[in-house]
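Take a look at the letters that make up each chain.
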Amino acid sequence: SQKIEQNSEALNIQEGKTATLTCNYTNYSPAYLQWYRQDPGRGPVFLLLIRENEKEKRKERLKVTFDTTLKQSLFHITASQPADSATYLCALARSGGYNKLIFGAGTRLAVHP
Amino acid sequence: EAGVAQSPRYKIIEKRQSVAFWCNPISGHATLYWYQQILGQGPKLLIQFQNNGVVDDSQLPKDRFSAERLKGVDSTLKIQPAKLEDSAVYLCASSLGHGSGRIPPGAGGSEAFFGQGTRLTVV
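Protein chains in written order, with the working numbering: chain Z, 1 to 113; chain U, 1 to 123.
None of these hints come from the bench; they were simulated from the model. Just so you know, not all the hints are guaranteed correct.
[Stated by the list, open to error] Straight-line alpha carbon distances no greater than 25 Å define the calculated DSS-like cross-link-like pairs of lysine-lysine that follow:
1) K71(Z) / K62(U)
2) K78(U) / K100(Z)
3) K44(U) / K15(U)
4) K15(U) / K3(Z)
5) K100(Z) / K71(U)
Please take these sequences and the hints and turn them into a complete structure.
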């Protein structure tokens, strides 16, 4: 069956360091992968999209990589700040499908001053 | 630009009662999703509409859950009768979509915009 896995353990890092979050998937051929941020009591907010034929995407302090051979995406936040503390979700949509977005369980990031 | 609107924000009901949630997506968005998010888990897709047609309801418990999207705009999700395990946040999201809704290669406009959700507690 299809599976999307994100680190269930919370990630604690020091302010200024780079946070790296992982998204692994099995039995899936995604057309693209998206990353969202979710704060407590709020709905997820879209951050970045990377397509199956792209290796890397950047937006300000955010960087996403996509390795379809390893079936893995890495999400990096450089120069992290306490305001980056949140849960980060990855979501996949299959090629040729109806943009059906399937989410992972998310990884909670805590950035400490 | 107005975001996705959901109501109510919170709801507490007893098991076996019924409840309905309402969603108004972003204007012009063809795709509408309903997700269930249990505490500590990721959003689980319940149903997806493209305009006013259902394109995926494979994980919707159809014996108790129903949803409709009137005139391809607003949507309601109903639970009848509710069970304790239905306690969760119900999230509505919309995305631009592309005509039939199928993803052309390299297409953008697929990001989903979420409402704040409705927190349902079944007691």
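Hints versus structure:
1. K71(Z) / K62(U): violated (33 Å)
2. K78(U) / K100(Z): holds (21 Å)
3. K44(U) / K15(U): holds (21 Å)
4. K15(U) / K3(Z): Measuring from Cα to Cα gives roughly 31 Å; hence the hint is violated.
5. K100(Z) / K71(U): Given that 25 Å is the threshold and the Cα spacing comes to 21 Å, the pair holds.
Hints 1, 4, counting from the list given before, are not met by this structure.
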